[in-house]
Amino acid sequence: DVKVTQSSRYLVKRTGEKVFLECVQDMDHENMFWYRQDPGLGLRLIYFSYDVKMKEKGDIPEGYSVSREKKERFSLILESASTNQTSMYLCASSPHGEPQHFGDGTRLSIL
Amino acid sequence: DAKTTQPPSMDCAEGRAANLPCNHSTISGNEYVYWYRQIHSQGPQYIIHGLKNNETNEMASLIITEDRKSSTLILPHATLRDTAVYYCIVRSRNSNSGYALNFGKGTSLLVTP
Chain A
4 DVKVTQSSRY LVKRTGEKVF LECVQDMDHE NMFWYRQDPG LGLRLIYFSY DVKMKEKGDI
64 PEGYSVSREK KERFSLILES ASTNQTSMYL CASSPHGEPQ HFGDGTRLSI L
Chain B
86 DAKTTQPPSM DCAEGRAANL PCNHSTISGN EYVYWYRQIH SQGPQYIIHG LKNNETNEMA
146 SLIITEDRKS STLILPHATL RDTAVYYCIV RSRNSNSGYA LNFGKGTSLL VTP
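In order, the protein sequence lines correspond to chains A and B. 4 is the number of the first residue of the first sequence in our numbering; add one for each residue after it. 86 is the number of the first residue of the second sequence in our numbering; add one for each residue after it.
Think of the hints as simulated: they come from the structure by calculation, not from any bench. Heads up, the beta-carbon is just placed ideally off N, CA and C, and yes, glycines get one too. Some hints could be false.
Short derived list, chain A residues pointing at chain B, Cβ under 10 Å [what the hints assert, rightly or not]:
id, residue
1, 48
2, 91
3, 95
4, 106
5, 110
Given the sequences, and given the hints that come with them, work out the whole structure.
Below, the structure written as structure tokens:
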């Protein structure tokens with residue numbers, strides 16, 4: 004079975020903090036993705052990566068950055084957390100052209 | 086990507102088949118139909134996908150009409166654990182780079198005892 008692991012299920016941070024969300028997959032997938040999910044807005048793509056050190060902006064990249072130094076790990080960084088970044092964050096991975104598999108999400112609260 | 090239309094909610098009795106419809110009348114020739122579901126407080130779970138032929142796996146069956154403008158996901162014997170939001174997504178496969186999934190509002194399926 005595909006395993007996508009997100010480092011935390013719940014996280015509470017303060018405004019202005021630098022926040023790191025980690026995602027690891029164990030299936031040697033080329034593609035990795037970060038989404039956020041908010042009530043009434045569905046899932047929105049923040050960034051994705053199709054190879055090590057490669058990244059592409061999604062629909063809502065503002066306020067976020069990403070890092071992919073190793074194939075299995077994709078990190079989402081909130082440079083200076085703000086309250087409007089309180090959300091459920093979902094990581095996914097896939098081989099090229101194949102369905103994405105998701106982690107269980109990190110529920111992030113910014114106070 | 087083609088737009089999809091799903092009913093906002095459906096009910097199904099436990100043990101009966103759940104048939105979830107999806108309209109995608111603007112689908113183009115190279116676009117696949119994907120189904121995911123999301124159980125409360127979990128990440129989305131991939132169920133099945135297809136291009137034009139009907140597909141079946143251990144979780145569900147996917148029936149795509151001949152003109153490909155609509156499809157139906159069938160859970161043959163629904164259980165309480167199948168209560169979830171089901172998303173129908175139409176997307177082309179791109180072998181050169183990653184692709185984003187456009188999750189709409191989906192159908193909230195409630196399986197009742």
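Structure-based check of each hint:
Hint on residue 48/A holds. Least Cβ distance to chain B is approximately 4 Å, under the 10 Å limit. Because the beta carbon of residue 91/A sits about 9 Å from the nearest beta carbon in chain B, less than 10 Å, this interface hint is met. Look at residue 95/A: its Cβ gets to within about 8 Å of chain B, closer than 10 Å, so that hint holds up. For residue 106/A, the interface hint holds, the least distance from its beta-carbon to any beta-carbon of chain B being 5 Å, beneath 10 Å.
A cut of 10 Å between beta carbons decides the hint on residue 110/A: the least distance to chain B is about 8 Å, and the hint holds.
Of the hints listed earlier, there is not a single one the structure fails to meet.
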